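Q: Protein sequence lines correspond, in order, to chains U and S. Numbering follows our numbering, with no gaps: position 239 of the first sequence is 239. Heads up, our numbering is the position in the second sequence plus 329, with the first residue counted as 1.
Calculated from the structure, these hints are not laboratory results. Predicted model only: the values in this text are computed from it and were never measured. Treat the hints with care, since some could be wrong.
[As the list claims (entries may be wrong)] Ranges of calculated distance between the beta carbons of each label pair, as one might list FRET restraints:
1) S:L366 x U:E241: 24 to 34 Å
2) U:A63 x S:G611: 28 to 38 Å
3) U:N310 x S:T566: 52 to 62 Å
[Said to hold, decoys possible] Examples of chain U residues lying across from chain S (beta carbon under 8 Å, computed):
4) L106
5) V115
6) L171
7) I172
8) G176
9) V251
10) A318
11) S319
12) L322
[As the list claims (entries may be wrong)] Covered by chain S, per the in silico footprint, the following chain U stretches (three or more residues, Cβ under 8 Å):
13) 5-11
14) 20-26
15) 117-127
C-beta: ideal position from N, C-alpha, C; glycine also.
Now for the letters of each chain:
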Amino acid sequence: MSNFLSLFLALIIAAITYGTPLLFGTLGEILTEKSGNLNLGVEGIMFMGGALGLGGVFYYEKAGGASGFAAVGIGILCAFLAGALASLIFSFLTITLRANQNVTGLALSIFGTGVGQFVGEFMRVRENGYISIGNHLKGFFQNSPFPGFLQKIPVVGGVLFGNSVFFYLGLILAVGMFVFLNRTRAGLYLRSVGESPATADAAGIPVERYKYLATVIGGGVSAVGGMVYIMTIAGCVWNHEGLSGVGWLAVALVIFCMWRPLAAIWGSVLFGALMILYLRLVLPFVPTQLYKILPYVVTVIVLIVSSMRNNKEKQPPASLGLAYFREDR
Amino acid sequence: MSHEKKTPLIRLAKRDGMEGWKVWCIRAGSILFALLLGALVMALAGANPVTAYGTMISGALGKKSAIRQTVKIAVPLLGCALAIAPCFKMRFWNIGAEGQITAGAIAATYFALFWVDRLPSPVLLVVMGLAGALAGGVWALIPAFFKAKWNTNETLFTLMMNYIVIGVVRWLQGGPWEGRKGSQIIPQFDSAACLPRVLGVHCGWIIVLVLVVFMHVYMNHTKHGYEIAVIGDSINTARYAGMNVGRVMMRTMFLSGAISGLVGFIVASGANNTLYDGVAGGVGFTSITVAWLSQLNAFAMVGISGLLAVLSKGAETLQTRMAVPTSISDIITGILLFCMLGCEFFINYKLIFRGAGKKEARHE
């Protein structure tokens, strides 16, 4: 029995590791979609975040930096800026120039994966074939920030205190976003922009400003997810194979958790578990590859059920994906 | 004066319509601008932009074999853009072409692998094509059904359907259809199941060109096309006119998925001669941008898909000759799309500056 328990705990810890990049990707996209912008460029944004985050830390270390705190900060900053810049392109095209959101998002996906791969590949060639972070700094990205004795608490120690620092940052961010969206005036305004921009505009809320800010910050947060993937799961090495598909999974997760930041926490751990379950729990009658489509199947079911039940609380933002032009009536 | 101050610096007004040549000038200008930005990227990467573009063009169009490769890239892009056009005309955001291609390819592959001994080659190819179209159509019908019945968000639904069917291919690759044990590869098709070549390229290009004409006629000169246009403009008008909106939606999506499925068959049988999880390889997404940038005009799609194919083939040559990573083609494609998306704004709207009215008044 204890063997089973330890296996289960190991699964949870691994699920958290794989879920953390998704958590960031999803939280960013929730913020974006709450403003009514459907940014399908998350995949590209996360690629850019991954490549530029890794690049930032790599050159920091190369310049002689050894402070783990600074390295993590630089990683987050570089990724965030990359994502914010990418989303700024998206915002400019869809909000100011009124381009179609779906098409612009897909274009951003193509552009972002291109930039990510280009930067990753370019650095690899320039640095003679190998980009990697030293073990000292790697530890700050991958190990728990808590002291050893907390992690050694029997049963719950590993799960509660043994995760990378990013999981805890993600938790704080999720709670912060929940408070912002549901307990502050600015959050209320943002939601109203996503539900009915014309009403919000009539009430004197600066619709364009809210859309811009939510999309740009949301994109930055999503990009951090890409960096987290590269720095934790991919082992601080540029790996575009592993990163591909994570962004789309984050888009799926936004639907799965019904645009609620707190639900994104357990949702991302669940999706993380589904991503790795085939390695840990081999069932003779379920082929491993079919495990991997489970997150998407579950998302489709959630989407269908929520549209059938027509529950007012659990719906996409009403104007999601629709452009708003004051002059168009 | 106080009133004057309150008018914003720049105001927007919708244009009623621009002369055709001006519209195309703006579009051509945006492409040129995008290529200039691309040159900047190349310069940053340490390549001389002039030689780099030269290499790309000669790599894509310089030799007969190169042109064949370029056409091979353009065929699925064009076919899929044609498939997407009616959906987008209807404002049904089908971004599941990627999955519909894959579904079509799976069905075609089934016949290629297991019916090759039982049917003569031409019959087999026709059966494969029909099976591909049917599978793609059914795969597209599922989200359309839920959209029609419960108004389920089709953008997100079709997106998820992509990854489900791609996962199925991965399973087939490593499981039931695996060739040599442990290879994770589905065996190559028998030559009887491969599309014959015409002028050195598999004959998919002829099918796609026929589809261009078909789609142009379907969208502009049939009752179906008219219904699609009305629904796209206003669902309520369509309902009031007595159209069965749900049925038109499902019918259009089936057609769209069927064409994508046919493209899947063309790619699997003509280009790859096998099935693997990258059979769609992003074509489903790129073709959406092709369709949109062509203003859903079937003939313009030929040009735009050709342009993107040249970029993508040219980038391969660029990598081998100048050691610039191939992903540069994605970057330039992205920039191109951004510029072309942005330029539509200047075609549809005009900017009025605050001072402009005053100046005109003074002239009077």
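Q: Does each hint fit the structure? Answer for all of them.
A: Going through the hints against the structure:
One distance hint, 24 to 34 Å for the beta-carbon pair S:L366 and U:E241, holds here, with the actual separation near 29 Å. Distance hint check for U:A63 and S:G611: the Cβ-Cβ separation is about 37 Å, which falls inside the suggested range of 28 to 38 Å. Between U:N310 and S:T566 the CB atoms are about 25 Å apart, so this pair departs from the stated range of 52 to 62 Å. Look at U:L106: its Cβ gets to within about 5 Å of chain S, closer than 8 Å, so that hint holds up.
At a threshold of 8 Å, the smallest CB-CB gap from U:V115 to chain S is about 6 Å, leaving the interface hint in force. The beta carbon of U:L171 comes no nearer than 26 Å to any beta carbon in chain S, farther than 8 Å, and the hint placing it at the interface is violated. Annotation: interface hint on U:I172 violated; nearest CB of chain S at approximately 28 Å, more than 8 Å. Look at U:G176: its Cβ only gets to about 26 Å from chain S, farther than 8 Å, so that hint breaks.
At a threshold of 8 Å, the smallest CB-CB gap from U:V251 to chain S is about 7 Å, leaving the interface hint in force. Violation of the interface hint for U:A318 is found here, the shortest Cβ-Cβ separation to chain S being roughly 11 Å, above the 8 Å cut-off. Interface restraint check for U:S319: the shortest CB-CB distance to chain S comes to about 12 Å, outside 8 Å, so the restraint is violated. A distance limit of 8 Å between C-beta atoms decides the matter here; for U:L322 the minimum to chain S is near 10 Å, and the interface restraint is violated.
Residue count for the region 5-11 of chain U with a Cβ under 8 Å from a Cβ of chain S: 0. That is fewer than the three needed, and the coverage hint is violated. Judged by the Cβ-Cβ criterion of 8 Å, the region 20-26 of chain U is not covered by chain S as claimed, because only 0 of its residues qualify and three are needed. Given a C-beta distance limit of less than 8 Å, the hint that chain S covers the region 117-127 of chain U holds, as 5 residues qualify and 3 suffice.
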